[in-house]
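Residue numbers (our numbering), protein chains in the order written: chain A, 200 to 385; chain B, 11 to 172; chain C, 100 to 883.
The set of hints was computed from the structure by calculation and includes no laboratory data. Ideal Cβ positions, reconstructed from N, Cα and C, are used throughout, including at glycine. Be a bit skeptical, because a hint or two may be false.
Claimed, not checked - To spell it out: a stretch of chain B is covered by chain C in this simulated footprint if at least three of its residues, at any positions, have a beta carbon under 8 Å from a beta carbon of chain C; those stretches are: (1) 12–25; (2) 31–41; (3) 83–92; (4) 100–111; (5) 133–144.
Claimed, not checked - As a list, the in silico DSBU-like pairs of lysine-lysine whose alpha-carbon atoms are at most 30 Å apart: (6) A:Lys203 <-> C:Lys877; (7) A:Lys203 <-> C:Lys871; (8) B:Lys165 <-> C:Lys127; (9) C:Lys103 <-> A:Lys252; (10) B:Lys14 <-> C:Lys592; (11) A:Lys250 <-> C:Lys163; (12) C:Lys103 <-> A:Lys281; (13) B:Lys71 <-> C:Lys127; (14) B:Lys93 <-> C:Lys241; (15) B:Lys13 <-> A:Lys250; (16) C:Lys161 <-> A:Lys250; (17) B:Lys93 <-> C:Lys118; (18) B:Lys13 <-> C:Lys877; (19) B:Lys13 <-> C:Lys161; (20) C:Lys750 <-> A:Lys250; (21) A:Lys252 <-> C:Lys161; (22) C:Lys164 <-> B:Lys165; (23) C:Lys695 <-> A:Lys252; (24) C:Lys695 <-> C:Lys103; (25) B:Lys14 <-> C:Lys163; (26) C:Lys750 <-> B:Lys132; (27) A:Lys252 <-> B:Lys14; (28) C:Lys155 <-> A:Lys246.
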Amino acid sequence: MPLKIEKTFEVGQPIEKVWAFLSDPRKVATCVPGAQITEQVDEKTYKGAIKVKVGPSVTDYTGEVQIVRLDPQNHEIEILGKGQDVRGRGSASMKMTGKLGALPDSGTEVKSESEINVVGILAQMGSRVIAEVSNIMFGEFTKNLQARLQQPSEVPAGQADSAEVKPIKATSVAWEAAKGVFRKKP
Amino acid sequence: MAKKQLVRVKVNGRDRQAEVEPRLLLIHFIREVLELTGSHIGCDTSHCGACTVLLNGKTVKSCTMFAVQADGGEILTVEGLIKDGQLHPLQEGFKEEHGLQCGFCTPGMLMSSYALLHNNPKPSEEDIRWGISGNLCRCTGYQNIVRAVQFAADKIAQGGAK
Amino acid sequence: MIHKTSPEMGGMGHSVKRKEDLRFIQGKGNYVDDVRLPGMVYGQMVRSPYAHARLKSVNTEKAKKLSGVLAVITGEDLAKANLAWMPTLSYDKQMVLATGKVLFQSQEVAFVVAEDRYTAADAAELVEVEYEELPVLVDPKKAMDPDAPLLREDREQKDNHIFHWEVGDRQATEQVFQKAAVKASVNAFFPRCHPAPLETCGCVADFNRATGKLTVYMTSQAPHAHRTVFALVGGIPEQNIRVVSPDIGGGFGNKVPVYPGYVCAIVASLTLGVPVKWIETRSENLQSTGFARDYHMTAEIAADREGKMQALRVKTLADHGAFNAAAQPTKFPAGLFSICTGSYEYPTAFCEVDGVYTNKAPGGIAYRCSFRVTEAAYLIERVVDVLALELKMDPAELRRKNFIPESKFPYKSSLGWTYDSGNYEAAMKVALDKIGYAQLRKEQEEKRKKGDLMGIGISSFTEIVGAGPAHTFDILGIKMFDSCEIRIHPTGKAIARMGTKSQGQGHETTYAQIVAQELGIPAADVVIEEGDTDTAPYGLGTYASRSTPTSGAATAVAARKIRDKAKKIAAYLLECSENDLEWEPGKFFVKGAPSKAKTIQEIAFAAYTNIPPGLEAGLEAVDYYDPPNLTFPFGTYVCVVDIDKGTGEVKVRRFVAVDDCGNIINPMIVEGQIHGGLTEGLAIAFMQQIDYDESGNVQGGSFMDYLLPTAVETPHWETDKTCTPSPHHPFGAKGVGESPNVGSPAAFVNAVVDALSHLGVRHIDMPITPWKVWNVLKEKGVTS
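Okay, chain A solo, but in the shape it has when bound:
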């Protein structure tokens, strides 16, 4: 079932710099743990891959990322990502909208809303594991984003950290999931 996740975070960089980065899927991919863009199909469509490792369990999704809507005036972006596990373990799709807002201290606020749908073995664990995996991945993403934006040099497009995928620690997912039981759930 679709899992809705809302995340808001701040980046200490000016809004145009953040916008330039976030509206380029190839640059975004460099921040998502285990992700890479492999090919640009057309203006709006890219082929990509992401490896999600939870403890000993590995899922390799390949699929497409499509920019559904790009609004540079309002700094809004909507993307749709769909992927299937290469070994036949399942599939996942994500619809995400991102909106940037300038902050008084010349930083940027990034607001994102995602709807994630997972089919397959992972989905049987229910929202608890998916939500926690998403949280952990998001945490990594924002850290990486901050770091990349602060770097003066350009990172070669398309490359990612997939060579050295840091597997999400199963213990941290379990701990987060357990903590999640006591947090307020929708």
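Position chains B and C relative to chain A; hints supplied.
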């Protein structure tokens, strides 16, 4: 495949050892390497307790441990309850009080009850229900299992074997 | 006439301690996973993550290359031998390994065979499958929509409809409803749940190339039927197949169907010539083996203002999953659901059921349901309570007013069943007295004034078991008789074998008690064997509470055949005519001269050493019993609950179960069955559901989400009985194993609704979780 490791344990009073993969679960070690098939596998999420054995005096769900983690330890399984051909009062109790039907949960129930009575020789009904709450049963509805444990507690108190 | 026997003899009515216990309490049971054969290898399934998808390719190269892997079988491989599909017990067919498409999450796609289970698991991970997702259908109400995805492309009929079945008089019932003064109705959903016996399903298939014999150790509730199915489907000569059902760790209907894992293990063993073991995990068990229920039901009662019921109308939508693999008698696609008239007189009634396919695991008949009687009993007991609310009548009083009176039995219901015997009033009286009904109603009144929530739920159910007479009952064409073969040894001990198969019901003890009763051989001297198709006489197995009504009857009849021969031998030994002899358990004696007697042991010895001229040696008999009718156990259950206003948690304060199963063989064992069944009913009512999200992902695919009650949640059960023997059964017994699961869900739900009825609540669907109750309380303004 990772290099095999030597595991040495004392099981039901006997020294046993074997070379095993580090990922071999303790329940598989007990059932397939030691060939003690009394302990059973009933789930894959550590809920059912059919695999319950005693390791160094404490109950463990042997499906959630690796054999290598038990190295150097002492294991007691259901096969070790009988002494010189005499049934343990718990085993007697399960028979007298109809505390089993299909028998699949019984070894785990016996081991959990064994540990319970060691720590609490005079358990109330509530104590017993909590004590076996880590062991699932589909057949009995637990009522006669409680009676079986009470039977054993009474018998031990009167001077039966521990 | 049932003679009384001594406790040492152990005949009918004695709580003989169980013989089978001795091995179980020592951990010396022999369950399928305990079977270890030389050279044995292990099989593991690769399963689909998708609920509905085209199967584009199955790549087994990497898996095959892994050291220790002996074979990887795919649907394509099986198709070459015409084995990719197999017949189900409902005359549908089911994929063994998928070809073309997959139809439910966790469906079997490939089978890996390796030297040990860990290597098999590694290899399963290396199998690469390419799928193309298709739209998913999980709502049975949408299955017949014009734009619903077509699931079963293999059928001629190109829609998702499996069957329509109806019984009763539609017109006459309609007419009564049109004129009815009072009408009550309920939409009651019986959720999909799963029996989850503690031992999962599995087998060891052992094909011996040297002898040509295939032995299958298998978790089977019906070994003979399975053997015949393997012979027909696999083309293996039936005399070369031996099915051995050893100790079974609980069945509850889960071990009646034939699963792809069995077929794959057999194929692997035939191909490799070594024993192949396949044991499924708990997740596989919950996600792919025979589920139970999933009935969307509507019931309406028409009555007069005084509460006399006039008509019953029932309509049901049955969700069968991707294949119709429900195990029920051929003529009854909805099982015995038409018992939904329950314990009441309806001059006219009409019932219709439509079955549909969805992208879910196949099954439907399981979990102690007596072939859909659980669904029927739940429905009628719920709608009767709704009628009581409508009439502002006490639910016990309404039931009493409409019970079929004892004088009317055998009673033919308007949906075609002839109930053998019943005395519903008596059972209800015992139950209400025991629980202190009048006092509880007073307490409820007081509590309501204070705003506290307390409810009393009644369920006066009628069961229908013991399938069944050959003229109406068969499974895959095999008539539903059952059997017993008894042989007495020279020293007066005996061995008896039956066509049924215990999974914890205590047959090794109870059947021996029947022999003790009929022949006076102490139960301790009688060995009982079941489950080996090479030695046991043919039978249809144990499920639907049929063992006592069928094989139990066969045991008595076979014993009486032996008694007839024993009488001839006694007359010969005593040098008198048979007419001069009288029987009491254990001996024949001359009328008027009791010291002139021969014990059964002396007679047995003579059968081998001093045989009367003209008689064959030996003392044995076999009987294949064709029951003249089903049997109809019944009872009244009463449940008292208290509801926590803050959390919505329902606490069962008391539960009284009064059961009537006719004459009882072993009261201790009957009580144990009731305890177990009530606990399953509790689980179903409050905490169990296997659900699917819109993408077809299973929710409830492991014990994390599919809950079983522990000793802490399970309340104390109070049991009692009445005794209304079956007039047609050789010793008046009816069978009882499933009664508690049939009767209890309504008692629990009726109690919860009763606790909230003053707030206007008429019905809450199961599982009644605290969350559901809390939401109702919030809606009614009771809690914030």
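Going through the hints against the structure:
| no. | hint | verdict |
| --- | --- | --- |
| 1 | 12–25 | violated (count 0) |
| 2 | 31–41 | holds (count 5) |
| 3 | 83–92 | holds (count 5) |
| 4 | 100–111 | holds (count 7) |
| 5 | 133–144 | holds (count 6) |
| 6 | A:Lys203 <-> C:Lys877 | holds (25 Å) |
| 7 | A:Lys203 <-> C:Lys871 | holds (23 Å) |
| 8 | B:Lys165 <-> C:Lys127 | holds (24 Å) |
| 9 | C:Lys103 <-> A:Lys252 | violated (69 Å) |
| 10 | B:Lys14 <-> C:Lys592 | violated (53 Å) |
| 11 | A:Lys250 <-> C:Lys163 | holds (24 Å) |
| 12 | C:Lys103 <-> A:Lys281 | violated (75 Å) |
| 13 | B:Lys71 <-> C:Lys127 | holds (20 Å) |
| 14 | B:Lys93 <-> C:Lys241 | violated (63 Å) |
| 15 | B:Lys13 <-> A:Lys250 | holds (28 Å) |
| 16 | C:Lys161 <-> A:Lys250 | holds (20 Å) |
| 17 | B:Lys93 <-> C:Lys118 | holds (20 Å) |
| 18 | B:Lys13 <-> C:Lys877 | violated (60 Å) |
| 19 | B:Lys13 <-> C:Lys161 | holds (22 Å) |
| 20 | C:Lys750 <-> A:Lys250 | violated (47 Å) |
| 21 | A:Lys252 <-> C:Lys161 | holds (20 Å) |
| 22 | C:Lys164 <-> B:Lys165 | violated (59 Å) |
| 23 | C:Lys695 <-> A:Lys252 | violated (85 Å) |
| 24 | C:Lys695 <-> C:Lys103 | holds (21 Å) |
| 25 | B:Lys14 <-> C:Lys163 | holds (23 Å) |
| 26 | C:Lys750 <-> B:Lys132 | holds (27 Å) |
| 27 | A:Lys252 <-> B:Lys14 | holds (26 Å) |
| 28 | C:Lys155 <-> A:Lys246 | holds (21 Å) |
The structure shown violates the earlier hints numbered 1, 9, 10, 12, 14, 18, 20, 22 and 23.
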